[in-house]
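> Using the supplied hints, reconstruct the complex from the two chains, each of which is provided in its own coordinate frame.
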Amino acid sequence: MDNENEFTGADILLKALKDQEVDTIFGYPGGAVLPIYDAIFGQNFLKHVLVRQEAGAVHAAEGYARSSGKVGVLLVTSGPGVTNVVTGLTDALMDSIPIVCISGQVPSHLIGTDAFQECDTTGITRPCTKHNYLVKDVSKLSETIHEAFKIASSGRPGPVLIDIPKDVQFAKSKYIPKKDISFREHRIKAGSKNVDKNFVQELVNHIKNSERPIFYVGGGCLNSGPQASQELIKLVNKTNIPITTTLHGLGCFPGEDKSSLGMLGMHGNYEANLAMNKCDLMINVGARFDDRVTGRLDAFSPDSVKFHIDIDQSSINKNVKVDFHTNTDITQTLKEINSFIESNNIELEKKDYTNWWGQINDWRKKECLHYEQGEEIIKPQHAISRLYDLTTQKDTFITTEVGQHQMWAAQYYKFSKPNRWITSGGLGTMGFGMPAAVGAQMANPDSLVIDIAGEASFLMNIQEIATAVQYKLPIKIFILNNEYMGMVRQWQELLHGSRYSESYVDALPDFKKLAESFNAVGVRAKNVSELDDAINEMVSIDRPVIADIWVDKKENCFPMIPSGAAHHEMLLSKYDKENPENQEKGKVLV
Amino acid sequence: MSSTSVYPTPINAFKQSKRSVLSVIVDNEPGILARIVGLFSGRGYNIEALNVTVVDIKNNLSRITIETLGEEKVISQIIAQLEKLVPVHSATNLANLSESYEAEICLVKIEFDNNEQDQKILNFADIYRSRTVQKRQNIVVYEISGTSERINKFLDDLNTIGGIKVELVRSGPIGLGI
Chain D
1 MDNENEFTGA DILLKALKDQ EVDTIFGYPG GAVLPIYDAI FGQNFLKHVL VRQEAGAVHA
61 AEGYARSSGK VGVLLVTSGP GVTNVVTGLT DALMDSIPIV CISGQVPSHL IGTDAFQECD
121 TTGITRPCTK HNYLVKDVSK LSETIHEAFK IASSGRPGPV LIDIPKDVQF AKSKYIPKKD
181 ISFREHRIKA GSKNVDKNFV QELVNHIKNS ERPIFYVGGG CLNSGPQASQ ELIKLVNKTN
241 IPITTTLHGL GCFPGEDKSS LGMLGMHGNY EANLAMNKCD LMINVGARFD DRVTGRLDAF
301 SPDSVKFHID IDQSSINKNV KVDFHTNTDI TQTLKEINSF IESNNIELEK KDYTNWWGQI
361 NDWRKKECLH YEQGEEIIKP QHAISRLYDL TTQKDTFITT EVGQHQMWAA QYYKFSKPNR
421 WITSGGLGTM GFGMPAAVGA QMANPDSLVI DIAGEASFLM NIQEIATAVQ YKLPIKIFIL
481 NNEYMGMVRQ WQELLHGSRY SESYVDALPD FKKLAESFNA VGVRAKNVSE LDDAINEMVS
541 IDRPVIADIW VDKKENCFPM IPSGAAHHEM LLSKYDKENP ENQEKGKVLV
Chain F
1001 MSSTSVYPTP INAFKQSKRS VLSVIVDNEP GILARIVGLF SGRGYNIEAL NVTVVDIKNN
1061 LSRITIETLG EEKVISQIIA QLEKLVPVHS ATNLANLSES YEAEICLVKI EFDNNEQDQK
1121 ILNFADIYRS RTVQKRQNIV VYEISGTSER INKFLDDLNT IGGIKVELVR SGPIGLGI
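Sequences listed follow chains D and F, in order. For what it's worth, the numbering used here labels the leading residue of the first sequence as 1, then goes sequentially. For what it's worth, the numbering used here labels the leading residue of the second sequence as 1001, then goes sequentially.
Check before you lean on any hint, since a few could be wrong.
[Stated by the list, open to error] With a straight-line cut-off of 27 angstroms between C-alpha atoms, the simulated DSS-like cross-links for lysine-lysine are:
1. D:278 to F:1073
2. F:1084 to D:318
3. F:1073 to D:321
4. D:414 to D:366
5. D:321 to F:1018
6. D:179 to F:1084
7. D:574 to D:414
8. D:278 to D:365
9. F:1058 to D:179
10. D:321 to F:1084
11. F:1058 to D:150
12. F:1058 to D:178
13. F:1084 to D:178
14. D:140 to F:1084
15. F:1073 to D:197
16. D:140 to F:1058
17. D:318 to F:1018
18. F:1058 to D:189
19. D:238 to D:258
20. F:1084 to D:150
No lab work stands behind these hints: they were computed from the structure.
Just chain F, with the same shape it has in the complex (with noise of 0.2 angstroms):
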């Protein structure tokens, strides 16, 4: 959309699509994952990740972190909608608080045939300070935190090592303003 306004609006900021990651406070109840993502496909956002958990056990309160990606306009329309389902009591993007942090955990199972790549990986573990779940013979699972995009880094770099195979699941980005 272009600006309509005889106010200037700088056509870039509209445009854009970004990744935010929105924090969502809900009333922990039955069907509140649906609404919200329902709300998502029926309106054609993107959910690029998403986590849901019980924060607030005396106050019946889930925390939905939800990363996105949208122009500003898009990510605004968003806040807005999620605000108005009953059960929602704030929604915030992270991106917009002056302090925020985020952290994402991500748990990898590496299959490896010889002592070279096992050396390999284990110096990539050890750059990224992976903490070591299990390890056999041929098998090694770490855990890693730390912002979604030291995680990729992490196993961009493990995929530079031929012959290894990976499994591995993350859980998405969490996020909190301070």
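So that you can see chain D by itself, here it is in the shape it has in the complex (with noise of 0.2 angstroms):
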């Protein structure tokens, strides 16, 4: 006879999922989930959303994960199912976004067997999962699922796997709310709670003796909460130190602010990099010293102190020696340093570091974001600027692809709020952008989502605009068409003598027919006259619009600083003569 305590191990799954308040799931059937299919068929808390390749799936949860703050949740059959998911995964590792994927698995007897969508899931997604757990005993499954979703969103964030062979989820046993469950500390890894006194106050005494300090802040200030960027506000404008983000920072500290250099890095601004070179104290908050950023590492900030925080013990020190560091929460630890200010009436103020600013300006006279928009063919920068212009009025959320655009949507789309920003910077996932927008937009029904993508990137997960459509999530897909898969070009062009080897994107759809052929809609500008108009017919229409903008096809994205050169190398425009030693190094790294 069923004890009426007992579930299943599909009723447990949702039973876990309700008590961890998850509301949305994206997923796709198949054989091995058909169970836990089953359990949702009969309940109402939690919203499926069926993506149409499983691609789609990880991607979309990334994208409500980043835009909500909350853990993102996917469900994926075995074999096909899970190995579709595998570049998604690996992309939440690289950019530390919490999300818990669910996979079935052929039932406990075949494993091993060989047997039909079979797949060593735990020993393929290993190395590519901040953790991941194949549940062999029902009994384990509820702490299995509350453990995951805890080492999902603690410390550094990042993907976890649960795989729960078919039998499992036949099974029958207790169910264990989250509340009555003791969580190991050793496998949280939440970091230390206490901020570290010393730490504080050596870095408020060399901000007070520096001449040419900076922050440098990155995607873990995201990580922290919305109340990290309210501290670190708080902190730049009592302090009047200059600030750059890498490309996650951005909207950790508002992009239109005095103070805010713009992102660093290889596309970064010209005066982030030049002050990244020649300051003499650097603050990293949450940033982890990435190759996109650091440029050249021997000449990488010569004559700075370095100061770190990050919540991952293995930032510290990987590419770049620093001289104190401290491995606590960056909201807490901020929160300590302005409070420490305060409460030792220490007059920062009065120390507006006057030539620094005085340098840090002149470098902006540089300008060196500037372009040349003609009367006929779009630039696609001006492409970005206009969607800014013409969207900031409202809360947009932006997600792109990765190439040219997504580079020029970081340069020109400034942002004033965390989360509001969802690009695939670690791992460069083509195809990320739309799905990442259906999450964004399951998260935040109300607000504006735009992908800003290339046609190529765009290509890669076309399915999903057939989620769109059904789910009735009014996305944007801003593409800003050049033919070409338009950074692989451009390092044709200044690396490998203009030789555009299979970069040339040959019969591309007509964006327009083939969104009404899945009942989206399609706009074009073919021309500057027709773009402002696109762009307003595409934020007015509450349903999929699919814009197509044709843009300057050889345009290239600068400034640059070339691979293996140094941030105060860097190029301004295709006529800047690059060192031909430095091209030659330049080459063969990536």
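Pasting the structure below:
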């Protein structure tokens, strides 16, 4: 006889998701997850979003997580279902995005027999998840799910996968609620709660004595929560120290603020990179000295004392040796720094770094983001600038694909709040943006969600337009269409003698007709005079829209630090002469 | 990498590839060894030797000892990466402890033809205080333990004897801090 306190594995999963306050799950059914889909059929707290390919589910979960600050959840079947999410899991690992992936597995007794749709899921996903599980015993299921959510969202967040064999989904056990689980501290790795007082004091002393300080802020500030951004703004205003952010740090500090130098790195602003090169005090808040940021390491910020706040111990001294570090939460640390300054009445306002700001303003006069917009052909930079001007009044979420358009979006779209900018940084996954927009729109149904895309990236996950249509998600896909894999073409031009090997995208679809065939809406702008109308029309339509913006095919993304070059060796345009020795060294890098 | 700090960093401290023995305490659960080995291969670190055994049945803990080669900076990074793995309780570089002891065990099977060889083998076995596990007419198996260096030396000495055949197995070093 059935014990009424016992539930099937599938029901335990659903109970645990409810307990974790999950309201949205992205997924695709298949043989090994049918019991879970049966459980989903009979409930109403959880909205299931049926994607068109599992890659769409994982990027949607990432977009959902990034735009909401919650854990993104997806459900896929065994074998090809789960191998299709490997790219997205790696993407989430690189960019520290909390997601939980539930995958079905063949029944326990068939594991290891090369059964239909069997694969070694935990083996394949081990290096691309923060942690993963194969649940062989239904009595361990509740605890495993709750631990998975805790691990995904604690410390440096990341993807966690739970593989559940089909027989375990049918087997019965008691459900253990989240509140009854005592997590083992060594497994959660949440970082220290107590802020290091010495670090704070040392930092404030250095701020007092420095002449050329700079904040270098990354995605860790975002992951620490919106309050981190508030504390950061407070600290920057108090100290009048210039601030530059990484690609993922955009939005942690208002991009239009006078203290903001914009993004740094390979396609960062001239003033930001020069300031990093010449500073005497660098305060790294949740950034990881990525190669796209540092340029050539032996010439990276040679004269600075470096402070590093990062919850991840392995980020410290990995690429760049720092002088002081702390592995505590950024919100707590910044709060402590602010209150230390206040409670000790340290008057930093008087120290306004006049010479330093004078120098920075001279660099700003270079106007590194300047471009010439002619009367006919739309410059891609202009398209983004107009998009920004025409949508800045709304609470807009921007996702991107990967390539030139992504860098132009980072340069010309300004963010004033965190979590509004969702892009694939570490892994650089083409095809990320559209499914991510689906996820962001699910989390923010009343906001404007725009995927700034290139036509080549968009084609990689184009099937998800059907998902947007099915769930009436009015996402906008803003394609900067130059008929090239633009960034590939740019590198071929700069480093491979303009031999455009396989970077021209021939036989493109008619994106307007394509939109219509999916029951979405297509708009197009072929020249400058049509641009504003196309953007306004796109924004005004309460349905998924594909905007096909024809842009200059030969435009390159500048400024640029070529691979293997240092911050002060950046190119402002293609007319800048590059050192041929650097060029040869750079060629072998990525 | 060169020092990028105004605080001078001795370059040599970062450049020298050193042998280190790491002691890692982990939850004894499926996949833990694969996680550790995968971390080493995925990030391009070396494993010179590896040893895994359950050491605490009640708390379900295993101790993994890994001998690795790398600059000090790389070793610190390995420790930090190991400690990020969920089932890992702690990872320690034994060299960083004020006091630690190391030992390795080795079984050596030696086949010989004549008395002269036998005498030489016996002599070395005696010098290194190795224990006879089995002795037949022209075959002897010894067990020798101690630091890896000591075992290396014993094997080097054996190799000076011409015409014998040696087959061996080594546990890799294990170590404990005090």
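> Each hint should be assessed against the structure and marked as holding or not.
Here is what the structure says about each hint:
Proximity of residue 278 of chain D to residue 1073 of chain F is assessed by CA-CA distance (about 26 angstroms); at most 27 angstroms being required, the pair is judged to hold. Our distance criterion of 27 angstroms between C-alpha atoms is met by residue 1084 of chain F and residue 318 of chain D, whose separation comes to about 14 angstroms. Taking the CA atoms of residue 1073 of chain F and residue 321 of chain D, the gap is near 9 angstroms; set against the 27 angstroms cutoff, the hint holds. Restraint check for residue 414 of chain D and residue 366 of chain D: the C-alpha separation of about 19 angstroms stays at or below 27 angstroms, so the hint holds.
A C-alpha spacing of about 19 angstroms is found between residue 321 of chain D and residue 1018 of chain F, which places the hinted pair at or below 27 angstroms, so the restraint holds. A hinted pair counts as satisfied when its Cα atoms are at most 27 angstroms apart, and residue 179 of chain D with residue 1084 of chain F qualifies at roughly 25 angstroms. For a cut-off of 27 angstroms, the pair hint linking residue 574 of chain D to residue 414 of chain D stands: about 25 angstroms separates their Cα positions. Annotation: proposed proximity of residue 278 of chain D to residue 365 of chain D holds, straight-line Cα distance about 17 angstroms (limit 27 angstroms).
For the hint linking residue 1058 of chain F to residue 179 of chain D, the alpha-carbon distance of about 26 angstroms falls within 27 angstroms, and the restraint holds. Taking the CA atoms of residue 321 of chain D and residue 1084 of chain F, the gap is near 20 angstroms; set against the 27 angstroms cutoff, the hint holds. Simply put, residue 1058 of chain F and residue 150 of chain D have alpha-carbon atoms about 25 angstroms apart, close enough for the 27 angstroms limit, and the pair holds. With a C-alpha separation of about 25 angstroms, the suggested pairing of residue 1058 of chain F with residue 178 of chain D holds against the 27 angstroms cut-off.
Annotation: proposed proximity of residue 1084 of chain F to residue 178 of chain D holds, straight-line Cα distance about 24 angstroms (limit 27 angstroms). With a CA separation close to 23 angstroms, the supplied pair residue 140 of chain D and residue 1084 of chain F stays within the 27 angstroms bound. Of the supplied pair hints, the one linking residue 1073 of chain F and residue 197 of chain D holds, its CA atoms being roughly 26 angstroms apart against a limit of 27 angstroms. Restraint check for residue 140 of chain D and residue 1058 of chain F: the C-alpha separation of about 19 angstroms stays at or below 27 angstroms, so the hint holds.
At most 27 angstroms may separate the alpha-carbon atoms for a hinted pair to count; residue 318 of chain D and residue 1018 of chain F meet this at roughly 18 angstroms. Simply put, residue 1058 of chain F and residue 189 of chain D have alpha-carbon atoms about 23 angstroms apart, close enough for the 27 angstroms limit, and the pair holds. Restraint check: the Cα-Cα separation between residue 238 of chain D and residue 258 of chain D comes to about 13 angstroms, which is no more than 27 angstroms; the hinted pair holds. Only pairs whose Cα atoms come within 27 angstroms are accepted, and residue 1084 of chain F paired with residue 150 of chain D is accepted, the gap being roughly 15 angstroms.
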